[in-house]
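Q: Listed here are the chains, written in short residue letters.
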Amino acid sequence: MTSLIAGEFRKLFTTRLWLWLLVGAMGLTALYTSLLIGFSEDPDTMTAPLHSPEGQRTLFAVASGGANTLVAVLAAIGITGEFRHKTATATFLATPRRGQVVAAKLATYALVGAAYGVACLFVVTAIAMPWLATKGIEVGLLDNGLPGTYAGVIADVAIFGLLGVGLGALLRNQVATVVGLLVYRFVAEPILTGIPALDSWTTYLPGSASAALTQVSLTTQEYLRAWEGGLVLAGYGLLFAGAGALFSMRRDIT
Amino acid sequence: MSVYIGPAIEAAGLNKTFGDVKAVDDLTFSVERGTITGFLGPNGAGKTTTLRMLLGLVAPDGGSATIGGRRYVDLPEPGKVVGAALEATGFHPARSGLSHLRVYCTVSGYPLARADEVLDDVGLGPAKRRAVGGYSLGMRQRLALAAALLGDPEVLILDEPANGLDPEGIVWMRRFLRRYADSGRTVLVSSHVLTEMQQLVDQVVILRRGRLVRQGSLAELSSGPPWALVKTPEVERLLAALGEGVADLRVERLAPDALRIELAAAHIGRVAVDARVELHELTPGRDDLEQAFFELTTEHESEREPA
Ligand SMILES: Nc1ncnc2c1ncn2[C@@H]1O[C@H](COP(=O)(O)OP(=O)(O)O)[C@@H](O)[C@H]1O
Ligand SMILES: [Mg+2]
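Just so you know, the protein sequences line up as chains V and H, in that order. Counting from 1, position 123 in the first sequence corresponds to residue 123 in the working numbering; the numbering is continuous, with no gaps. Counting from 1, position 173 in the second sequence corresponds to residue 427 in the working numbering; the numbering is continuous, with no gaps.
Isolated chain H, as found in the complex (with noise of 0.2 Å):
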């Protein structure tokens, strides 16, 4: 056997066309593995349909998707290695949480145990024999997470699973996923709300009208040169350490002991520690990446198909 050493993710040239709506158009994207990749753009760009390009459930009308470097059909146990809760994805009203997970265990040869244990995993233990329909949304999120879970897949694919749940939700869903990416596994998340992936994501793949505009780290995303907020009451002694060595250090006193500082903070930190200088605060800037994120999306006046 041999073992598949490049990009978990990768779409090459897709393209789909609904009537007369292009929604997606000649998209090349990777996603690479161990990170948590954020599927960005607004409503309508696209994300839903390509991630179904990629699972077999659409078929694209040219280009190809491929997983662990096979399409999704070709995968043997595709539990095993790629695992989706996707928007839309419905369940019979009747049917018991439990049972639902059960069913996909026998399909797949799975120990039904499996079922309760992902169940236990999302926080529906103590749900999973009720009726799906008396489920709220947020529960419904959570049982489509399980559903990708039980196969203990290699990569997560997941639509908008942060629609529906509540700020508490939102945050267990970070937290969740970090860890899952935490051992060495891939993550392909998609959002229209940048600030409920940045504090999440890795990197990025942004998506308008069905193009891809930009593919690449959080970091390199935001267009302005990086900035971060500081408390400190040594302001003058870490002024000085940064100062070596930069030119023309932009730093901007809006208070006695508070500082905006045009360094990444990951170097303001690093220099505050080897300078032994005292921090209270240190927060990397974050205006500028929605900002960028905004523009990157928003309809050009010249873009504009004519009316």
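For reference, chain V alone in the conformation it holds in the complex (with noise of 0.2 Å):
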């Protein structure tokens, strides 16, 4: 398995989409960064006051809305390219066990997750340490429950590298998943939690989920506690993963 591992890392690393993507993440969190600490001081504004502990715990959880949807995106790529380049005669005849490529394809995206959500929180840090100072504010990295928010951005970027790959092995169509992903992160579920009456199933969905997990709100929805929004986070993307590993990975390579 770790050859198999080593192999999609080598595929990740001769092109140059997750490059751009990483630079992609980064930018994002630097602009909700930005935003977040510039309307901080404007009194329409939703988040807890910077110098608070819940305030600064939002602040870092940035990170995860800046890098999870972009890995999601990586991941799917990285499987759905398979058939789209038609790679994927080559990748099941080197590993004729289709189970142990979509596994590989798990563990590598998580991998990447990790290190997308590394990055992102250390532009969090670059732009809101010398800010805030400006503002007489004094982050202290460990104190304030941050390393617990740490934990939570990491944990979600990463399950959603899972996510991505799930939903890739279901689907095969690249252009079908990744349009399918954006347009579901940035369209459907913002209008589906955003009723107040569907609050007790939507709390369900990914995106709640994963608030739940960095335990950040920025609308009035009640979230799941972290463990739990990280299991219902984790199980669409292994959900996805086994159903597409049992059903459309074993269909005909033609």
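Be aware that a few hints might be false.
Claimed, not checked - Estimated spans, in silico, between C-beta atoms of each pair:
1. Gln100/V - Leu536/H: 35 to 43 Å
2. Arg432/H - Gly235/V: 39 to 47 Å
3. Ala126/V - Gly273/H: 52 to 60 Å
4. Lys276/H - Phe247/V: 21 to 29 Å
5. Ala313/H - Arg84/V: 18 to 26 Å
6. Asp274/H - Arg84/V: 26 to 34 Å
7. Asp456/H - Arg84/V: 36 to 44 Å
8. Asp315/H - Leu17/V: 32 to 40 Å
9. Leu238/V - Pro330/H: 42 to 50 Å
10. Gly235/V - Gly470/H: 54 to 62 Å
11. Tyr434/H - Arg84/V: 28 to 36 Å
12. Ser3/V - Tyr434/H: 24 to 32 Å
13. Arg251/V - Phe548/H: 34 to 42 Å
Derived from the structure by calculation, the hints contain no laboratory data. Only a predicted model underlies this, so the values are computations on that prediction, with no experimental measurement involved. Even glycine gets a Cβ: it sits at the ideal position worked out from N, Cα and C.
Taking the hints as your guide, dock the two standalone chains into a single complex.
A: Here it is as structure tokens:
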């Protein structure tokens, strides 16, 4: 299995997509961080003040929002690309037990997701520390429950890697998977979670489970506990991947 | 460990239907070790589908396919047993040929230097660091062949390897495969063009509309008696030597020193050497073979499916 994972990393690093999406995730994180700090003194802001522990946790948690969707997209492209570019033939010739290929991709993109999460946490730190210092706010990086937020962010982005692999394994079609992911994350889910009457079940949607995992709330919605959110989110990823490995990955490669 | 001594490749009762197309229909054949076997048939005959079933990429509706006595998925190190270059194998356009092969070296546990070796073997050394998106069709065929060679396998399965190669490339490919088989290994190579193959293969498996129409040696394929073109300054001595023990030798005189003789070229050659007759040319007849292939693979009126 380690050689399969090493092979997946080799595939990833021999094209440039990972780099562009990493730049994108870091840029998005920088944007979210700047908006949050920039509007922190706005009277209408929903976030807690940045000198409070809760406010600081919210600030660092934006790293997950910056990275998670793009990691899911990277992972989805990583698996659907095998079909789009017809490298599936070579891949399944080398590893005829196709479930092993799915498992190797799950492990690979979870690791990649964790690394993206770490990179985006550095972006928040690099922007927030000097900026907040000018406002007279000292951030203790190991205080105010921040280590728990870092763990939540890293776990969240890693699990989005699983989600992307799982959905891609299930759908196999690259355009459908990537468009589906983006439309769901940026259109469908915000609409659904914006309807208070649906709260009792929208808390189980991936986006809400993700927010639960990082324990950050920018809406009035009630979230699951962190570990529950992590389980729900990982459940989606593994469910898709399992169904994909059982059904669509078994289909003929012609 | 027991040693498997059966045929290199065996297909038994293979079936595959796509929608309402019967792509492969109760197909049984085997490929002996150490041979180059041509897998022949017109486009759409079911060659690619059959090869993909042999390799575990397409699931047969029925029947079995084994390589070295085992199903492909059951081979612990498949790349060391069989290497395959299939039609419609893809490459990521942004990845270089070298990077592509290194991925599969890593996955299969071969040293990375193996990728450079096989790229040199197929003559892609100078282009190996370029993105595959810029490769010609012929270069992609060579890269696919290089990938098949990575594990230094006992059996090579090649699907229409001559497609996209220029005439020089085809000659190169033939030499390459001949050398490969001469080292005792097995090659199964598909083609829809008999002429690409007839100078190369020992055995043929001929397919039409998913069914086996003929399996055997190339010589057995030609329907008429064998013949050869001979040029010799000693026509009468040759005929005398050939005529011994032959009831009615059929000879056509094409020129004062050129004959069309209805005997196998190998036989004529042997007799000429024994009788110390000087030969300037000895060419086995070919057109019967093409005719036979054409007849075997062309649809007959009575077989056409009712509309
Ligand atoms: N994935 C597929 N879906 C539907 N039909 C297919 C598919 N693959 C092959 N076929 C059909 O099966 C038949 C055999 O095709 P193929 O094995 O590619 O033949 P060959 O390689 O001899 O040209 C053809 O009629 C082809 O159209
Ligand atoms: Mg074909």
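Q: Between Asp315/H and Leu17/V, does the beta-carbon spacing fit 32 to 40 Å?
A: 38 Å, holds
Q: Between the beta carbons of Gly235/V and Gly470/H, is the distance compatible with 54 to 62 Å?
A: 58 Å, holds
Q: Honestly, do Leu238/V and Pro330/H meet the 42 to 50 Å range at C-beta?
A: 28 Å, violated
Q: Mind checking the hinted window 21 to 29 Å against the Cβ distance between Lys276/H and Phe247/V?
A: 25 Å, holds
Q: Between Gln100/V and Leu536/H, is the Cβ distance one that fits in 35 to 43 Å?
A: Violated, since Gln100/V and Leu536/H (Cβ atoms, about 56 Å apart) do not stay within the stated range.
Q: Is the distance from the Cβ of Arg251/V to the Cβ of Phe548/H consistent with 34 to 42 Å?
A: 36 Å, holds
Q: For the range 26 to 34 Å, tell me whether the beta carbons of Asp274/H and Arg84/V fit it or not.
A: 27 Å, holds
Q: Could you say whether the range 28 to 36 Å given as a hint is met by the Cβ separation of Tyr434/H and Arg84/V?
A: 32 Å, holds
Q: State, for the Cβ atoms of Ala126/V and Gly273/H, whether the hinted interval 52 to 60 Å holds or is violated.
A: The hint (52 to 60 Å, Cβ to Cβ) holds, given that Ala126/V and Gly273/H are roughly 57 Å apart.
Q: Per the hint of 18 to 26 Å, is the separation of the Cβ atoms of Ala313/H and Arg84/V within bounds?
A: The hinted range 18 to 26 Å holds for Ala313/H and Arg84/V, with Cβ atoms some 22 Å apart.
Q: Between Asp456/H and Arg84/V, does the beta-carbon spacing fit 36 to 44 Å?
A: 39 Å, holds
Q: Kindly confirm whether 39 to 47 Å is satisfied by the beta carbon distance between Arg432/H and Gly235/V.
A: 57 Å, violated
Checked against the numbered hints given earlier, this structure breaks hints 1, 2 and 9; the rest are met.
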